[in-house]
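There are 2 protein chains.
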Amino acid sequence: MTQQHDGLLSQDQALPRPDLTPSDRLYWQEEGRCSQARAGWLHTRHGRVPTPTFMPVGTVGTVKGMTADAVRATGAGVVLGNTYHLMLRPGADRVQKLGGLHRMMDWPGPILTDSGGFQVMSLGPLRKMDEDGVTFRSHIDGSSHRLTPEISTDIQFKLDATISMAFDECPALPATKERLEESMERSMRWAARSREAFTPRPGYGQFGIVQGGTEQDLRARSVKALTEIGFEGYAIGGLAVGEGQELMFSTLDFTTPLLPQDKPRYLMGVGTPDDLLGSVMRGCDMFDCVMPSRAGRTARAYTDRGPLNLRNARFAEDTRPLTPHEDGPLARTSRAYLHHLFRANEMLGPMLLTWHNLAYYQRLMRRIRAAIMNGTLEALAEQLRADWAQGDWSPEEWPLPHYS
Amino acid sequence: MTQQHDGLLSQDQALPRPDLTPSDRLYWQEEGRCSQARAGWLHTRHGRVPTPTFMPVGTVGTVKGMTADAVRATGAGVVLGNTYHLMLRPGADRVQKLGGLHRMMDWPGPILTDSGGFQVMSLGPLRKMDEDGVTFRSHIDGSSHRLTPEISTDIQFKLDATISMAFDECPALPATKERLEESMERSMRWAARSREAFTPRPGYGQFGIVQGGTEQDLRARSVKALTEIGFEGYAIGGLAVGEGQELMFSTLDFTTPLLPQDKPRYLMGVGTPDDLLGSVMRGCDMFDCVMPSRAGRTARAYTDRGPLNLRNARFAEDTRPLTPHEDGPLARTSRAYLHHLFRANEMLGPMLLTWHNLAYYQRLMRRIRAAIMNGTLEALAEQLRADWAQGDWSPEEWPLPHYS
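Chains as they are written, first to last, in our numbering: chain P, 2 to 405; chain G, 2 to 405.
Hints are not guaranteed to be accurate.
No copy labels: a pair is met if it fits in one copy or bridges any two.
[Claimed, not checked] Straight-line Cα separation of at most 20 Å, EDC-like style, residue types lysine to aspartate or glutamate; simulated pairs: (1) LYS65 with GLU347; (2) LYS98 with GLU318; (3) LYS159 with GLU318; (4) LYS98 with ASP155; (5) LYS225 with GLU186; (6) LYS129 with GLU183.
If you are wondering where the hints come from, they were derived from the structure by calculation, not from laboratory data.
Remember, it's a predicted structure, so these values are computed and weren't measured experimentally.
So that you can see chain P by itself, here it is in the shape it has in the complex (with noise of 0.2 Å):
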């Protein structure tokens, strides 16, 4: 057990983490690749950062329960930002009189925002879409708004994103063929006028989105409207809402294989540590979920050995920390001390395990990253696969400190 944890430990230690040398053009180069999968980095204005990543989100301009520091001391790379949200409150002007959103939360790494267009899909009866955008009601206060590719371009400018993403809908599965073709033809037009819309600025770029569902003459169709126009990378959405993992997976297996090759892929909106690594398997670079930071703020905590619920009452004398792999303040924190903050609704607890799931997140992008330049990526992801399947540690297999 030590000596795997001391092993593990090192190895981290070794891996690339971001930097913030800046690069006067936002591209992707190639480092190292194992059968589908690559390993690169993402050179930008804000700094480079090795890829496969994984972007924690910051909704509002904050990513829920964790310090800019916190963040940085994670080893995240880019941060997301969300322009529905940040276009309602605080606003994008305001975001820009404040310096822009790298300047205002403190982060002076890469920053993807989104479109909006997934948010005002979802909002359902409160927005109308017509061919030039979507009308919307604020969640907030019921206010009015409008959204087109012009619109969402402009406000990505003044949130100051590194990375911009083109307006697009997503319509959500299952859904007719027919819908789908037309919805990713939409997507498609609004594509173009998104690139129309964008002002180029050294070391920024923007990412077009290929729809389709899980149809593949419509991703094939989309991947080809996408490159003529051009992109600084390309983004797949429209999964990961609803049609699980094997359909998500054959999707990205007919998909990332049409892509450019040197340029970076996001998958957004993913997912699991099991789908990261299914993905990035896939060939996929770049990845977001809300899931390790709204699982940490409900007592989930994503290990090595699978989800553990800190609620659970088996974890109330458990002297032990989360895993035999924390740093920062989880090193010095017990499993008994984290059910007890969430017992007693403390905001530690979410905090605490925040920070956990999202260094968990990171450390399992580093190793993936670390087992593609060494070409044995298989090997891990078996090992990865039964660790997850086999359950906690056990008590003989790593014991408790007991104090008394």
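With chain P fixed as given, assemble chain G onto it according to the hints.
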């Protein structure tokens, strides 16, 4: 502005900070004096702390919204735990099994625990008092519990409190003299029983609590009773319970001169920055209060220019830090961002403002201590009061950075 800022920072850095050098007995050593005000060091098993000192409240084993690292970073030396809350959740036996409160909450420095007396008294109809102790119902699940001087002292032993408090009764003010006398005398009998039940250990100690409301003769009799028993320190209880600052100060004026010169004095549950200043000038060395942390959660910031409410719309585009004296994450946090976080109900707002308020209280204590050592406390007090009265820094005095 900049000069004043730099000057204060370097002065701060030269001031003493708590350290973890353990002492084999618990004692207080005077280092300087300015009229009634005292500067000193409190030596304990868990390190030494410069006094006067403000002790953040960690009710159920966490200073709300703060990691232990963050509490340390503010310069805090001692933290508080609450016997009442901890006996209910997670329970004293469990805390002991987890290695004591220091280990459980990752606070290797000194911990002071209150005796539960004050909390139990405030339960009102949920509690029943007799000569031997108090029976009460838990505010969490209604279960029945009992506290006596012996039980409270035993719980504090199990929590591994560096400083235990004698179990006492604290009547609400105003109260008849008869009621105050009866209550004080019972508290003195309970103090003797608490002392009897206390297990002396190297570097640990127990404080008696002076009661007697605002009555001079009762306070004098209470001091006499406690000093005859003999404690490592003396607390002044029964104040800051609604009597107002004037009555509190006049009670201190006749109480502190009666206390031993060579023992630390702890004024319980106090208070505002102005309360702390006035109480140090009346000979008190130690303080605790939920005010800075609770205020932080409700958007209220204590500053050298008085309190600011960060929900106020005038902060929406104020790009300055909260004050010119911030360090840590607050140094890179604008008022506008704090305003946004509170408007959006984001956890990071309470987290950052609690941090600021606790750091402000620690900095205030360091400045007061330095002034005691330099014999300039009167001048500092005048300066502080004038600054507090002046109100927020104007944009003329301290210009806003403009980014667009």
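Against the structure, the hints:
In this assembly of identical chains, the alpha carbons of LYS65 and GLU347 lie at most 20 Å apart whether taken from the same copy (15 Å) or from different copies (7 Å). Taking the shortest Cα distances, LYS98 and GLU318 sit within 20 Å of each other only across copies (7 Å), while inside one copy they are farther apart (50 Å). With identical chains, the CA atoms of LYS159 and GLU318 are at most 20 Å apart between copies only, with a shortest distance of 15 Å across copies and 50 Å within one. For the identical chains of this complex, LYS98 and ASP155 are intra-copy neighbours only, at 14 Å inside a copy versus 58 Å across copies, given an alpha-carbon limit of 20 Å.
In the homo-oligomer, the alpha carbons of LYS225 and GLU186 lie at most 20 Å apart inside one protomer (12 Å), although the nearest pairing across protomers, at 88 Å, exceeds that limit. Taking the shortest Cα distances, LYS129 and GLU183 sit within 20 Å of each other inside one copy (16 Å), while across copies they are farther apart (73 Å).
The structure shown violates none of the earlier numbered hints.
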